[in-house]
Structure formats: C-alpha cells, structure tokens
Amino acid sequence: MDLYQQNILDYYRHPRCNQKITEANYSAEVSNPLCGDRIEIYLQTSGDKIKQAVWQGEGCVLSLAAADMLAEYLQNKSLTAIDTIDKDWIIKTLGVNPSPSRLKCALLPLEALKKSLANN
Amino acid sequence: MKYQLGKTLKEEFPIFIHHRDLVFLDNAASCQKPKVVLEAMDKLYRTSYANVHRGVYSISEAATNMYEESRVMVAKFINAKTEAEVIFTRNATEALNVAAFSVAELLQPGDEVLLTQLEHHASLVPWQMAAKKHQLKLNFIPVNSEGRLELENIDKIITPRTKVLAITAMSNVTGTVTELDVLIPKAKAAGAIVIIDAAQAVQHLPLDVQALGCDLLAFSGHKIFGPSGVGVLWGKLDLLQKLEPFEYGGNMISEVSYATASFAEPPAKFEAGTPPIAEVIGLGAAIKFVQEIGSEAILEYENDLTAYGLEQLKKVPGLRLIGPADQHLRGPVFAFVMEGVHPHDIASILDGGHCAMPLHKRFGIPATTRASFTIYNSEEDVGALVAGLNKARQLLVM
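These protein sequences, in sequence, are chains A and B.
Going by our numbering, the letters in the first sequence line up with residues 1 to 120, in that order.
Going by our numbering, the letters in the second sequence line up with residues 1 to 398, in that order.
Just to be clear, a hint being listed does not mean it is correct.
Below, a sample of chain B positions facing chain A; criterion: calculated Cβ distance under 7 Å [what the hints assert, rightly or not]: (1) H342; (2) H344; (3) D345; (4) A367.
Rather than coming from a laboratory, the hints here were simulated on the basis of the structure.
Ideal placement from N, C-alpha and C gives every residue a C-beta, glycine not left out.
One chain only, chain A, in its complex shape:
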C-alpha cells in the first residue's frame, strides 16, 4: 500500500500543532537513536481538560504526520481520552496500515504522549 497518501502528506507539509509551549503541565521526549527520530509532546491542561497539545521534533513522514494528527485530536479533549488512544487508533487516523518496521515510526508520538502522563 502506498503510505504517502494525500492526507498524510498534507499533515507532514503543513503541520497544525508543530510548536513549543513554555507553560506545559505535561511533556515528554522519545527518540529512536537508530534512525534519528525524536518527538517531544507538550500538553497544557486546565483541570482534566487539555487546552493545548503541541509537538516538536524530527523524523520521517509517518512519525511527524502522526504527531500532528494526534496533537490536533487532543485539543479540548479530557486527559482520560488519552486512555482510548492505541495502535489501532493511530492506524485508523492515518488511514494506512504500515509494515511492522514503519509502524514503529507512526507509534513514536503516542509513546511520547503516554510517557508525558507517566512523567507527571
């Protein structure tokens, strides 16, 4: 299957949530030293509500597009909504089913998100 679908390329080329915020309550960074991918996730919350979710980092199309889609989805969601996000959610949202080696790239932002909650 062609991974480079128009919607994925669009998030890669024109990310909506690619920035850093200083007033984050939750943040984490994960990296894959083997291929040099690195994703940082920042959440600014008020009570249980995510007021802003953003990311920074470098990586391949899949990891960066997944980070942006994930951050976009999280705006104004409750923190508990994060529990429902899993591998299948990422695959469904991307709209492609990557091979196992590439799925690791797509799951890197989710790993960062889960780690940010554990860090807190």
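Here the structure of chain A is known, so what remains is to put chain B in place on it, guided by the hints.
Only chain B this time, still in chain A's reference frame:
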C-alpha cells in the same frame, strides 16, 4: 565465459524469474541465490543426507565427502595453504567472535588492539567485550570525511604495543576499500595478529590470504550467493593450533573421559556439534559459481557499475553521497542522505532500507539510506534507483 554479468545473469537466479520486476539493491546485507546453489542443497537432502564425520554407512560418507569438498573449494578460493585452515561457522559474526575471544586469551592486560572507525558491529563489539574481560586497550584508526582511513600518523598508531589489528577489508556502509596492503605489513612488523573482516569484500574483491599476509579472515556464505547459516573462519594453521576452542562438544574432541578431554586438530577443533551440512554444501556450489565467473571479471564489471552509479547519483539534486569519490577506492555500495527527505521515507518509497549506527555518528548524520549493487545488477537498476529518488524528492521536498 560461462556467465554474462548484469541483467542476463538474473536468469540464473530463480527469485528474478519469480519477481520479474525486482530491482534488488540490498546486496550488502545479503544477496540472492543462483539455482546451482539451490540445486546442490536440494540434491543433498534428496539423495545423500546424513550426519557428517560419524557414519561408516554409504550416505553418511557421501554427505561427508560433499561437505569436505566444500572445504577444499573454500581453501582454493582464498588461497589457503591447506583446507585444514578453513573452519565452518554459523556466519561471519560467529567467525569474528571466535577470532576475538580466542585470540584475546593469548593477550596480557594493557595490550593494545587496533581497529578502525569503519568496523561493523561484528568486528567492533566482540573486541569491546574481550577488552573488558582481559583489560585490553582499544585504539582506532580514524576515518576522514570522505570515509577513508586517515593514515598520516599510522606509524605512531601501530607500535610494538599493538598486539592485534582487526580491520574490515571493505566498509558495509561507505563501500570503502581499506589499505590492507599498507596496514598488514606494518602490523606484522610490529608483531601483531591480523584479523580481517571480509564479510563485505568477499562478494566484490579477490581474496588471497597468503598474499594479504593476515592471520585470520572471516566471511559469511550468504554474502557470496550461498545460503545463510554458514560462515568461514580461515586461520593460519600454527595459530589455530595455539588457540583455545571456542565451543565444546561432539566432533571437536579427540579423547574424552569423565574427568577431562583432549581436542581434535583444526579444523574439527573449532567445529563443535553437527555443522550446517546443507549450507556448507550450498556454499561450495556458490563458490564454484563465483569462480566460474572469475574474481577479476567481477572486479572489472563492478568498477564500471560503481563509476556509473557515482556519476548518476551525483546528478540527483539534494543528494549527498557518503564515501570515497573514486570508484577504485570503493565497492558498489552507496550510502547517502537526501536533503529534506528522511531515510525511512526514501527507503519506503524505494521499498527497501537500512540503518547502521556508530559510523553515521562519525559523519554527523543519524541515519543514511544504502543501495548496494552486485553482479546481477546493471545500469538499468541504477536508473530505477535514480527514478525512485527523484520521485521521493517530488513527493516530499517542498
């Protein structure tokens, strides 16, 4: 010549009959198998399979003969003095582990082991572990920005304290051919044991262990068109006699009591247990195949292909090639980065890829993409690569 190199040679490889469009550019990781190799292994299993070196019954003797014929062929292929110097292992990695851990037993705390910054993990990590165990000091011949060894200060680096030189004959990432003709005589003059990692080189360069003057040399079968699961460690007979066995078990003993055992002579001393019988026989068939083509013909063909590859890849906008610019200093292995395109995306768009770590850090790049060519590749395959790279650029570089 029995075989013609390039596209025509694909007819000898069943995988290219099965996948007519396949452009296989991961030959530095492992290469495809000619039908003569598949047939040799199939014939063994169908007609003469039994364990080797034990039976007095006829099919065991037939299997043993075929197994030992492969050893003779490997010995001739690398110009060993005797086939007793040829040890079959699981792969090049195991051969390099045997070499490092057995040679390390001969060393004293504080002894120096010299490696290069081009080493594959299989040549580097066993020595890191052996150095920890025996308190050895690891030194490295540095690499310059072109991916070539920095030899200006070599006479200060190789000293009487250097007890081992462990060096690759060809880099798995940059394709750099190392200056063994300069380094081996210097290391030998200093009294060092020289171990060559020929895993990459075996597919591309003629190897003559006597002309090289090394002490141990390792390669794998699957990178010379043979099956996976078999490798070779060649060693000078007197050194092999001195080294401790690496593994213990059947086949490698001469006498055993409940209290003690004495060991067989090389090569059996280093071949404990049932070996990869069919794989060794397949390797013999692969070596016969390569010999029928001829190492010089391979070198000539690949030199031209490397030059063409370099010329074409240089034309791709935003592409940075890693490794020597001169085709005579490298094999047909091209590692590169493309401005604005992640190696994963190049690999996915080209549907194939590769990651390797320490060397890339040396060049200040986290990961590269690697395209590696061999005798069944042609200028047409270079064209397919270039087209894929241009497609990646169009898709991802804004």
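- Given H342/B as an interface hint, is the shortest Cβ-Cβ distance to chain A below 7 Å? With a minimum Cβ separation of about 4 Å from chain A (threshold 7 Å), the hint on H342/B holds.
- Message: Quick check on the hint: H344/B CB to chain A CB, less than 7 Å?
- Response: At about 4 Å, which falls below the 7 Å cut-off, the nearest Cβ of chain A leaves the hint on H344/B intact, so it holds.
- Tell me if D345/B is really an interface residue toward chain A, meaning its C-beta lies closer than 7 Å to one of theirs. holds (5 Å)
- Answer holds if the nearest beta-carbon of chain A is closer than 7 Å to that of A367/B; otherwise answer violated. holds (5 Å)
In this structure, every one of the numbered hints holds.
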